[in-house]
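Novice: Each chain is listed here by its residues.
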Amino acid sequence: MERQTGFARNAAENPCNMCMPMGGIIPFKGVEKSMVILHGSQGCATYMRRHMAEHFNEPIDVASSSLNEKGTIYGGEKNLKLGLDNLIKLYNPGVIGILTTCLAETIGEDIDRIASEYLLDRGLNDVSLVTVPVPGYGGSHSEGYWMATRSIIARLSREAPANRRINVIVPHISPADIREIKRILQLMRIEYTIFPDFSDTLDSPFTMPYKKIPIGGTGIEEIAEMSGAAATIQMGVTASREISPGHYLQDTYGVPLYNMPIPIGLENTDKLFAVLKQVTGKDMPESIFSERGRLLDGMVDSHKYNAAGRSAIFGDPELVLAIAGVCRENGITPVVVATGSKSFMAAEAIKSSAAVDVPEQSLLAGTDFARIREHCREKSVNIAIGHSDGRYLTEKEGIPLVRVGFPIHDRMGGQRLLSVGYTGTMTFLDRITNTLLEEKHKNYRHGIFDKFYTGKMA
Amino acid sequence: MDAGSLAVNEREKSIIVKGKQKKQLVCDTDSAAGCVSQRACVYCGARVVLNPVTDALHLVHGPIGCASYTWDIRGSLSSGSELYRSSFSTDLQEEDIIFGGEKKLARAIDELVLKHHPPLVFVYSTCIVGVIGDDLEAVCKAAAQRHNIQVIPVQSSGFIGNKSAGYRAACNALLRLMGPEPTPTRNLNSINYLGDFNLAGEAWIISNYLRQMGLEVNVTFTGDSRYETLIKAPRASLNIVQCAGSMHYLAQKMRELYGIPYLNVSFLGVLDTTASLRMIAEHFGGSGIKQKTEELIKTETDKVIPLINGYRGNLQGRKAAVYVGGGFKAISLIKQFREIGIDVVMIGTQTGRQSEYETINDLVDEGTVVLDDANPSELERFMVEKGAHLLVGGVKERPLAYKLGAAFIDHNHDRKHPLSGYEGAVNFAREVYSTVCSPVWKYLKA
Ligand code: SF4
Ligand code: SF4
Numbered sequence: 000m001e002r003q004t005g006f007a008r009n010a011a012e013n014p015c016n017m018c019m020p021m022g023g024i025i026p027f028k029g030v031e032k033s034m035v036i037l038h039g040s041q042g043c044a045t046y047m048r049r050h051m052a053e054h055f056n057e058p059i060d061v062a063s064s065s066l067n068e069k070g071t072i073y074g075g076e077k078n079l080k081l082g083l084d085n086l087i088k089l090y091n092p093g094v095i096g097i098l099t100t101c102l103a104e105t106i107g108e109d110i111d112r113i114a115s116e117y118l119l120d121r122g123l124n125d126v127s128l129v130t131v132p133v134p135g136y137g138g139s140h141s142e143g144y145w146m147a148t149r150s151i152i153a154r155l156s157r158e159a160p161a162n163r164r165i166n167v168i169v170p171h172i173s174p175a176d177i178r179e180i181k182r183i184l185q186l187m188r189i190e191y192t193i194f195p196d197f198s199d200t201l202d203s204p205f206t207m208p209y210k211k212i213p214i215g216g217t218g219i220e221e222i223a224e225m226s227g228a229a230a231t232i233q234m235g236v237t238a239s240r241e242i243s244p245g246h247y248l249q250d251t252y253g254v255p256l257y258n259m260p261i262p263i264g265l266e267n268t269d270k271l272f273a274v275l276k277q278v279t280g281k282d283m284p285e286s287i288f289s290e291r292g293r294l295l296d297g298m299v300d301s302h303k304y305n306a307a308g309r310s311a312i313f314g315d316p317e318l319v320l321a322i323a324g325v326c327r328e329n330g331i332t333p334v335v336v337a338t339g340s341k342s343f344m345a346a347e348a349i350k351s352s353a354a355v356d357v358p359e360q361s362l363l364a365g366t367d368f369a370r371i372r373e374h375c376r377e378k379s380v381n382i383a384i385g386h387s388d389g390r391y392l393t394e395k396e397g398i399p400l401v402r403v404g405f406p407i408h409d410r411m412g413g414q415r416l417l418s419v420g421y422t423g424t425m426t427f428l429d430r431i432t433n434t435l436l437e438e439k440h441k442n443y444r445h446g447i448f449d450k451f452y453t454g455k456m457a
Numbered sequence: 000m001d002a003g004s005l006a007v008n009e010r011e012k013s014i015i016v017k018g019k020q021k022k023q024l025v026c027d028t029d030s031a032a033g034c035v036s037q038r039a040c041v042y043c044g045a046r047v048v049l050n051p052v053t054d055a056l057h058l059v060h061g062p063i064g065c066a067s068y069t070w071d072i073r074g075s076l077s078s079g080s081e082l083y084r085s086s087f088s089t090d091l092q093e094e095d096i097i098f099g100g101e102k103k104l105a106r107a108i109d110e111l112v113l114k115h116h117p118p119l120v121f122v123y124s125t126c127i128v129g130v131i132g133d134d135l136e137a138v139c140k141a142a143a144q145r146h147n148i149q150v151i152p153v154q155s156s157g158f159i160g161n162k163s164a165g166y167r168a169a170c171n172a173l174l175r176l177m178g179p180e181p182t183p184t185r186n187l188n189s190i191n192y193l194g195d196f197n198l199a200g201e202a203w204i205i206s207n208y209l210r211q212m213g214l215e216v217n218v219t220f221t222g223d224s225r226y227e228t229l230i231k232a233p234r235a236s237l238n239i240v241q242c243a244g245s246m247h248y249l250a251q252k253m254r255e256l257y258g259i260p261y262l263n264v265s266f267l268g269v270l271d272t273t274a275s276l277r278m279i280a281e282h283f284g285g286s287g288i289k290q291k292t293e294e295l296i297k298t299e300t301d302k303v304i305p306l307i308n309g310y311r312g313n314l315q316g317r318k319a320a321v322y323v324g325g326g327f328k329a330i331s332l333i334k335q336f337r338e339i340g341i342d343v344v345m346i347g348t349q350t351g352r353q354s355e356y357e358t359i360n361d362l363v364d365e366g367t368v369v370l371d372d373a374n375p376s377e378l379e380r381f382m383v384e385k386g387a388h389l390l391v392g393g394v395k396e397r398p399l400a401y402k403l404g405a406a407f408i409d410h411n412h413d414r415k416h417p418l419s420g421y422e423g424a425v426n427f428a429r430e431v432y433s434t435v436c437s438p439v440w441k442y443l444k445a
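Just so you know, the sequences run in chain order A and B.
Using numbering that gives the first Met the number 0, count along the first sequence one by one with no gaps and you end on 457.
Using numbering that gives the first Met the number 0, count along the second sequence one by one with no gaps and you end on 445.
Rather than coming from a laboratory, the hints here were simulated on the basis of the structure.
Where is the CB? At the ideal position from N, CA and C, for every residue including glycine.
Incorrect hints may appear among the rest.
[What the hints assert, rightly or not] Here are the simulated DMTMM-like cross-link-like pairs (lysine to aspartate or glutamate), alpha carbons at most 20 Å apart as the crow flies:
#  : chain 1 : residue 1 : chain 2 : residue 2
1  : A       : 439       : A       : 300
2  : B       : 114       : A       : 377
3  : A       : 210       : B       : 365
4  : B       : 12        : A       : 84
5  : A       : 77        : B       : 29
6  : A       : 88        : B       : 9
7  : B       : 415       : A       : 394
8  : A       : 211       : B       : 384
9  : B       : 334       : B       : 299
10 : B       : 291       : B       : 215
11 : A       : 69        : B       : 29
12 : B       : 114       : A       : 373
13 : B       : 415       : B       : 71
14 : B       : 334       : B       : 409
15 : B       : 22        : B       : 361
16 : A       : 395       : B       : 81
17 : A       : 32        : B       : 361
18 : A       : 211       : B       : 379
19 : A       : 69        : B       : 9
20 : A       : 88        : B       : 379
21 : A       : 395       : B       : 71
22 : B       : 415       : A       : 84
23 : A       : 181       : A       : 199
24 : A       : 281       : A       : 190
25 : A       : 211       : A       : 84
26 : B       : 114       : A       : 396
27 : A       : 80        : B       : 9
28 : B       : 334       : B       : 365
29 : A       : 80        : B       : 29
30 : B       : 318       : B       : 361
31 : A       : 69        : B       : 27
32 : A       : 77        : B       : 9
33 : A       : 210       : B       : 384
[Said to hold, decoys possible] What the simulated footprint calls covered on chain A by chain B, stretch by stretch (three residues with Cβ under 8 Å from a Cβ of chain B suffice, anywhere in the stretch; the number is not a length):
#  : stretch
34 : 8-17
35 : 39-53
36 : 57-63
37 : 124-136
Turn these sequences into a full structure, and let the hints guide you.
Specialist: If you want it as structure tokens, here you go:
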């Protein structure tokens, strides 16, 4: 596998990943009454807010300690404390995530010390501060997401009496996906704590009057008691042990961990129900069994069209892994599998997407779109699956794009895309199949005419 | 604003209500920490200005994020190269932060120049580059010699100021590109057009007008510009400056260095467009040009006034809130809204200057809230208080307006329809109409 790490290349051309703090913001949006302040210069926060606002079509309020030249030279402690004061006055949050950025890490800010001093200083006991060291250069948004998720649990959980709930820790999937997982759990009458739950906060219903911190998110008390759960199901096999929240709960409180891929695709969703059975003893409900049957029926209906697919998959390692599974199950050949993340686990994930029957697969970790494009051309890719930045492949190489993941900034409804569970998989597969069909119908008349009638085509 | 009503004291000085008090608005200060400022950074400002140089290779020296969030997000159009739409980054890693990124930068330039053969490279510095102390000047100079092309460092470290510092950094880069020597040959009827980024072809629209007036656009700063055209900029006989926030400094410098006079213009709205075209014709004087200008104005206004009036009927009496990047745009918008019968009840900018705020204050009605570097809480509060029916802003402000049940106008760099000139004035009116008079609002009331 070509593992392009930062050590091997000098320049990235059209990045396929974002920076750590960006990923770190998202889990905080899945905590009830929480806000984030980025310790660094103003620009980082503004860019990330813009990026998220475009995808979710929701106001994304993220504060910044707005470091200026002075703060950068003499330390940013004063700025950060003042920032916390103002943030509390304006938003009155219950939890504040303090995330570093490249700048704060480079000048060596000790946010843990600043945070604990601050609480003491101001005599505050109704707000929790969760610090997360996420230098932008330290990894991609994917790692930032896991780090923040783990830090929140590490900070908010405490020894709790055993309860009957199960923890469900989700990766960066869409709000619609989170809602679907909740629906399944509710249907099965399973008591659960799902975290981080940004299904309402980042896809909030229209209500008046406007709420600055949207309603929803996993409750602070619930997070505190995740330590006493019967088990943790984590959909995060690409999170390495040090940043995996499920491992934290297992290692610290002995909560058994079931780490599994995102339940997208038949096999992965089957896995979810197998795990649920193992943990709760409950069988798949009748109505879900029908959903599964409908998915099977649909897979059969479209298999011949799917056979024509040569796909390029890119994005978050966790999502890429699941999508590669969907492709393989349906006879779509994943010829280019790529992520911008440079982490070891990302590389492993990409490697594990290798298909024995696809001899010349391009498996790219730590890559960028310029390279993905080259590989697409070499491998005659005819469908791209991933986030909106893949539109570059459409524009340059005419490869149609099925949008999934984050960010989706050039179409509406990224937050409503449903891909998990049997029903989600079906809608996702339909999006893929129909894209292939559309291409076919667009091209077959003149293609055949050129080839056989005028004999123009080589 | 009475002091007690604002949660955050640092913000008080940056908000005034016209007519209520005599105090002057304080602007151009550092953003208050923790207030969720809508402002962007120096790098952002520099990138906005330089990005439309189409055949330049824009290399961001820094960690990946800064480049990732700015990949092809703007609607500047090109008649030639597409290189500017790619985002290049040195993707600094931890070890680069420790040992310095100069070598990596040098190698990155070599690699990219070899692959893309640009005539010009801009190297943007980001926050941490300012801290780790890479000598951008030296690396760029050496690379320029190696490849025999211009490699220009842009000093856009994010924490040294806000977006306007970035404008200045960009203008300095452009001045370097043009070089110190005043060019002896001057083309008589030739104009440089400063401060149009050819968003949705706006610079093309204005260039067409000028051509019809018998003038010639030498180069636009920087919409659809190229290395070859930019270095010939000193030959023009007049600079017209639109987006004053970003380009006023460049115009002043070019007057100093090359003796090119400049005029401040605005092509937003029918009235401003007409006034600006007349001013330009006046500057050149000849009766031929003046006559052609009047003909152009007549044909165009005859075409668009009835269309705009058609919308005006439906919009009369609505109230607008404005929150945009610079003061120039804010001023134009007040006038443009007046053309369609709408009053501005709240207005603010990220980086407006004192003089611009004075103009704003003169233009708006009593009771209008004027604010600098606003945050979402303030936007929300004043929009509700003032009963604004619509907000003008950028991507971050859009969802807020919608959550408040207010209409929204995209006035940012990613828009895909022109708002300049006569065509643009109609588009503007149409956009206001399409959002303010949409049927969706009535369902929110229930
Ligand atoms: S690091 Fe600096 S240059 Fe980069 S986005 Fe943040 S503020 Fe802007
Ligand atoms: S990479 Fe670093 S400096 Fe750039 S936006 Fe991300 S945190 Fe900010």
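Novice: It remains to establish, for every hint, whether it holds in the given structure.
Specialist: Now for the hints, and whether the structure bears them out:
no. : hint          : in the structure
1   : A:439 / A:300 : holds, 17 Å
2   : B:114 / A:377 : holds, 18 Å
3   : A:210 / B:365 : violated, 30 Å
4   : B:12 / A:84   : holds, 18 Å
5   : A:77 / B:29   : holds, 14 Å
6   : A:88 / B:9    : holds, 12 Å
7   : B:415 / A:394 : holds, 17 Å
8   : A:211 / B:384 : holds, 16 Å
9   : B:334 / B:299 : holds, 19 Å
10  : B:291 / B:215 : holds, 14 Å
11  : A:69 / B:29   : holds, 11 Å
12  : B:114 / A:373 : holds, 13 Å
13  : B:415 / B:71  : holds, 13 Å
14  : B:334 / B:409 : holds, 17 Å
15  : B:22 / B:361  : holds, 14 Å
16  : A:395 / B:81  : holds, 11 Å
17  : A:32 / B:361  : violated, 42 Å
18  : A:211 / B:379 : holds, 9 Å
19  : A:69 / B:9    : holds, 18 Å
20  : A:88 / B:379  : holds, 16 Å
21  : A:395 / B:71  : holds, 13 Å
22  : B:415 / A:84  : violated, 40 Å
23  : A:181 / A:199 : holds, 12 Å
24  : A:281 / A:190 : holds, 12 Å
25  : A:211 / A:84  : holds, 17 Å
26  : B:114 / A:396 : holds, 18 Å
27  : A:80 / B:9    : holds, 14 Å
28  : B:334 / B:365 : holds, 16 Å
29  : A:80 / B:29   : holds, 16 Å
30  : B:318 / B:361 : holds, 18 Å
31  : A:69 / B:27   : holds, 16 Å
32  : A:77 / B:9    : holds, 14 Å
33  : A:210 / B:384 : holds, 16 Å
34  : 8-17          : holds (count 9)
35  : 39-53         : holds (count 14)
36  : 57-63         : holds (count 7)
37  : 124-136       : holds (count 3)
Checked against the numbered hints listed earlier, the structure breaks hints 3, 17, 22; every other hint is satisfied.
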